[in-house]
Amino acid sequence: MTIQTNPGKDCARAWEIMPWVLQATAAPEQHEWLMHHLAQCAACSAEFAQQSRLRCALSLPTDVPVDAERGLKHLLQRLDAPEPETTPVRFWSSGRLTRLLAVAVVVQAIGIGALGVRLWSDQTPHYRTLSQPALLERAGALRIVPATGMKLADWNKLLHELDLRVIDGPNDVGAYAVVPAGSTLSSASLLRRLRADRDIRLAEPVDNTP
Amino acid sequence: MVSDRQPLRIELAPTPQNGHSRAAMNESTSDVDSRDRVLLQRMATGDRAALETLYRAYHGGLCRFLSRLTRRADLIEEIVNDCFWIAWQKAGSFQGDSRVSTWIMGIAYRCGLKALRQRGDEPVDDYALREGRGPSHDPDEDRELRDWLGKALEHLSADQRVVVELVYGVGNSLDEVAAIMQAPVGTVKARLFHARIKLRNVLPTLAGDPPVQQENMS
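So the sequences go chain by chain: F and U. Residues in the first sequence are numbered consecutively from 1, following my numbering. Residues in the second sequence are numbered consecutively from 1, following my numbering.
Calculated directly from the structure, the hints in this document are not laboratory data. Do not rely on the hints blindly, as some may be mistaken.
Claimed, not checked - To spell it out: a stretch of chain F is covered by chain U in this simulated footprint if at least three of its residues, at any positions, have a beta carbon under 8 Å from a beta carbon of chain U; those stretches are:
(1) 22 to 34
(2) 54 to 60
(3) 64 to 72
What the hints assert, rightly or not - Across the chosen pairs, the derived CB separations fall in these ranges:
(4) U:120 x F:8: 46 to 56 Å
(5) F:8 x U:143: 30 to 40 Å
(6) U:185 x F:42: 27 to 37 Å
(7) U:120 x F:98: 35 to 45 Å
Just so you know, these numbers come straight off a predicted model, no measurement behind them. Cβ coordinates follow ideal geometry from the N, Cα and C atoms, glycine included.
Take these sequences, add in the hints, and give me the full structure.
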């Protein structure tokens, strides 16, 4: 057999249409063209012969012995057998499940909304700072400035004697804000007592502060 | 009863050498498909005789097709029965978009892949077990041809074997093979191309001939 090497397009075209010519599904003109090409090209002719042999081999019945009647009998027995319960019983139908999920989402939304409203309305913190203006504006509040050399014991003693409670301070200039905790003395009396103390540099009512 | 010696589709894809005309082939294909559609319609109404007829008609072709995936006879029977179990259940929903044979082949192919997956079998390795399994009553010529084919197909992947079987053995078009394998036509074309390249290199050697030398086949 003469083997030719034909890199031309004809060989590629022949290669492309060989299966369909073998199937007899190629167009008549393709079939005719291929036969003409095979007569001129030994390589394609050899390839076509191999493919023809391949097709013949593939057309042989299988060599794996499978008995059709036995298989059919098994199939019919299978059809007669009670169908196994392959699908579990569905407790929730899809429509009911969808509605339940929707209700759950609505309940969650309501809950989140209630929590939001509560948080919004509960803006006042549970703690107070001494600098909060509300404290300074309390009635009877006094602003006092102790001397820098005043001892802590003397400061505590004075507050205790006058029944005063520190509600603010010291600020940048060392002033404290105090209020009467339960004292029966009037503001004027308290001011006099405070101003009379040698360790108190300033004592003024907060209300009169310009 | 239809013999399983020659599957129906093979009979409907004559070679140019056997003298059948293309028109005659198309007519026969159409006739068989019409008959199969009637059988499916009867199956949809619960007619078991129609199922038996269709089963026997396709058994040989399906077994040969599935033997490209596995060499286990018990598994092939199981896959064929799975295929017809589905066909029995779905006969009423057959849309007629393809030929009945294409529809059944597609079901069988998917059942085959599923069965192999469930057993952890690899069709490629499985195929290598074919040596020496041919029936002893084969004529010598057929046995020689079968051995030659078996050795050649060992060089192909399972997907390539299936494509070669469907194109050369069954006579399907690329579109039909794509429908059966549920793969793009381009993928099928590539598998066929690579399978043919491999076969072109090994077939002459297996036959004792020097390999055919050609270039620019793409």
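Right, here's what the structure says about each hint:
no., hint, in the structure
1, 22 to 34, "holds (count 6)"
2, 54 to 60, "holds (count 7)"
3, 64 to 72, "holds (count 8)"
4, U:120 x F:8: 46 to 56 Å, "holds (48 Å)"
5, F:8 x U:143: 30 to 40 Å, "holds (39 Å)"
6, U:185 x F:42: 27 to 37 Å, "holds (32 Å)"
7, U:120 x F:98: 35 to 45 Å, "holds (39 Å)"
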